[in-house]
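A.B. asks: Listed below are the residues making up each chain.
Protein chains: 2
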Amino acid sequence: MTQELNQMGFAQMARLIRDGRATAEAVMQACIERIELREHEVVAFTCYDADAALAAARLADQSESKGPLHGVPFGVKDIIDTDQFPTGWGTTFYDGYQPTRNASCVEMFIRAGGILFGKTVTTEFAYFKPGKTANPHNLGHTPGGSSSGSAAAVADNMLPFGFGSQTAASLIRPASYCGVPGYKASHGSFDLQGVMSLSPSLDTLGFLAREVEDFELARSILCGSTPSELPDQDTPLRISLFRGPHWTDGSLEMRDVCQRAIDALKAAGAQTGELACPEMFKSLTEAQKIVMAYDVAHARIYEYSRYPDQLSTQFKDLVESGLAVSRTDFENACITRDRAARILESLFVDTDVILTPAAPGEAPAGLDATGDPLFSRGWNLLQVPCVSIPYGKGPNGLPLSVQLVGRTGADDDLLAAAKWVNQQLNPKS
Amino acid sequence: MTQELNQMGFAQMARLIRDGRATAEAVMQACIERIELREHEVVAFTCYDADAALAAARLADQSESKGPLHGVPFGVKDIIDTDQFPTGWGTTFYDGYQPTRNASCVEMFIRAGGILFGKTVTTEFAYFKPGKTANPHNLGHTPGGSSSGSAAAVADNMLPFGFGSQTAASLIRPASYCGVPGYKASHGSFDLQGVMSLSPSLDTLGFLAREVEDFELARSILCGSTPSELPDQDTPLRISLFRGPHWTDGSLEMRDVCQRAIDALKAAGAQTGELACPEMFKSLTEAQKIVMAYDVAHARIYEYSRYPDQLSTQFKDLVESGLAVSRTDFENACITRDRAARILESLFVDTDVILTPAAPGEAPAGLDATGDPLFSRGWNLLQVPCVSIPYGKGPNGLPLSVQLVGRTGADDDLLAAAKWVNQQLNPKS
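Protein chains in written order, with the numbering used here: chain A, 18 to 446; chain B, 18 to 446.
Chain A on its own, in the form it takes in the complex (with noise of 0.2 Å):
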């Protein structure tokens, strides 16, 4: 084998296993060999037990399967509660808090035979405070919050797949200045028992991996979706270049690189096109930051009230700002995302599949901020699922990435196309 153990995806290692090509422990042991080299200088995770992996993984080896992932790791962003490592949820006073339950996600991989490995970084309430985790690419450039742990240890090869999750930019931001596939599901499709809430009307579970064919597999243990099968070749899928409200909020590259991408699938037998933006779409971004600040001054008035000493002054700021907005306020965003919508599902007459900026450009330089969100916020209040695909570099050598999105629901198709796309933007030698 040309490629290590520990860079493959998480579905070709579980066939490795299952066919007797490679045991749970050989898997295991090469991703614990990566971390060891690099966890001091990445920082991806907030806590593991790499003991605990290897017997799991060489109990896996001697029993009978348990599912589609017997035996393969898996890492979980610290918002997400496990019975066996604490949550902090990237805060000081909640460090070492240990729930007792798992998760319905964490719960539902080790029913399918997965292996817990262990907690990654998250942002302080996933939202803007950094935590520790640096870009691997780079390691003086950021790598993206609030999944930045996850995103880290998938770049990094340390972990095959990482759960991350979405409420502005959390997960397709994170994906691509890492470089690797992310896929945020339709809002509510996956279960959140277990996962902290910030604001209900938007988080949203999502994964980040390293082969994109790994997602229709990850989901379908999370809801028992049937993947979809892409359309004959004789119907090429329909690909539309969507510049957004904020194109020219984006860097050259970035640009770039989306029209390069619509290029090469166009070249590939993808019937492409370009969508004008809606006016209406202009306020989305408001929108979603009206929406979000509401619901996290609900969700997290408890610790708002309990901890104002040991908050930021961002979350501090953001839970104030929103106290401060009326019930009105809150619905009347409401009204333009669901009328924004109604608009967005008849673009889908004619397109299949969106095209879109996953990110500004490259990661920047530093570890005190973690982005601009401003290419996720307005698809994540639409609720629709996104995939992020690398392709292409920035001027620094720091991966970019376009995002495909699709109808809200959609996700199996969605993500049918994206490994069509995946497979012409990144073939494998």
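Just so you know, the hints here were simulated from the structure itself, not pulled from any lab data.
One or more hints might be untrue.
A pair holds if it fits inside one copy or across any two, identical chains being indistinguishable in the list.
Pairs of lysine-lysine residues, derived as DSS-like cross-links and limited to a Cα-Cα distance of at most 30 Å, are as follows [unchecked claim]:
1. Lys149 x Lys410
2. Lys306 x Lys445
3. Lys299 x Lys445
4. Lys83 x Lys410
5. Lys306 x Lys83
6. Lys283 x Lys410
Nothing here was measured: the structure is a model prediction, and the numbers come from that model.
Once you have looked at the hints, place chain B on chain A.
C.D. replies: Using the frame of chain A, we list chain B on its own:
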């Protein structure tokens, strides 16, 4: 005063305390005396701390007003976390489990000056297996479930207010059986941080209170809403009887009480009528069962996996039926819901409020079941706001109620209408 302090509504108590006409201590003492007299038979609480509550009331009497609930006690269904009392969810294995945080609804009430008195009994996971609570009107009859303790405590004048929740019929049914006003909000109205998740598509927080007027105060504290005004007297409220798909499954006395309520409201000046049941509404109960089973299987997969021997057969069957629901079946049930919601929206063109049964009839005899959720499943699936208003008694002398249903999101209008309806049906002597 002809009314004892512990018999008063929550808003009235707050007014008396604010105006110096009663002390918070006297209010609390009156509630405690009632509890000490009756709790051994009614068993409304899983735990409470009378000394701590009295101390908090005395402190309130010596303090500046914290807000509109200053000095007023409230109870919390035991699927809702508090940092003062453990949360058992009606199970044996979580009995005594102490959360680190208050649920958002609890914290918002405390910030408004309310005094957390104790936790009220729920059924196992807020599903079917009853707790120990009896109906205060007849200890041999069920109080209904799953908000059993909150309904019984309020009905028995132990507390003026209790938090409840509803996934199938868990708030409107116990309110009806215990003869107290109940309000189940539009789905998504109130933050659910710290509230046990059973079915995210259906779970909704709500209130049980001595007075209908208390709902708008509690609602404004939780979500910042502004109470609605009724139209002037020249614009009569339009109220329509809706027999719905299960009319003949209910008791004769329930049908009679709905008809008598409509007649009384017509006599009081409402513009009354009757709405035929759309054919499609006959699918709603079954669709609710599918959505609920699917959701529960995901939300409570941890307990199903880890405590199989400590779950009731009913609950295990529910999870297993949910694990057998395909994603497609779940999505089809959601499509049924969405279609019916559009039909319901069209019905509200010609009516302001729907009046329909709250439960099949009086509280059934026996404490080994909590009654049939048939008259709420469909409404709960539709995510509409519902208010139950006590009206009349059945052949066993136990309370009956009518249920008012409003447009999704128009809770403030429904609460204004409910106040008027209650004034007509239950005029203050």
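A.B. asks: Each of the hints needs a verdict: does it hold here or not?
C.D. replies: Results of checking the hints against the structure:
1. Lys149 x Lys410: Within one copy only: 24 Å inside a chain, 64 Å across chains, cut-off 30 Å.
2. Lys306 x Lys445: neither (40 Å within a copy, 46 Å between copies)
3. Lys299 x Lys445: neither (38 Å within a copy, 53 Å between copies)
4. Lys83 x Lys410: neither (40 Å within a copy, 56 Å between copies)
5. Lys306 x Lys83: For Lys306 and Lys83, the Cα distance is within 30 Å only across copies (29 Å; inside one copy 43 Å).
6. Lys283 x Lys410: Close inside one copy (21 Å), not across copies (72 Å); limit 30 Å.
When the structure is compared with the earlier hints, violations turn up for hints 2, 3 and 4 and for no others.
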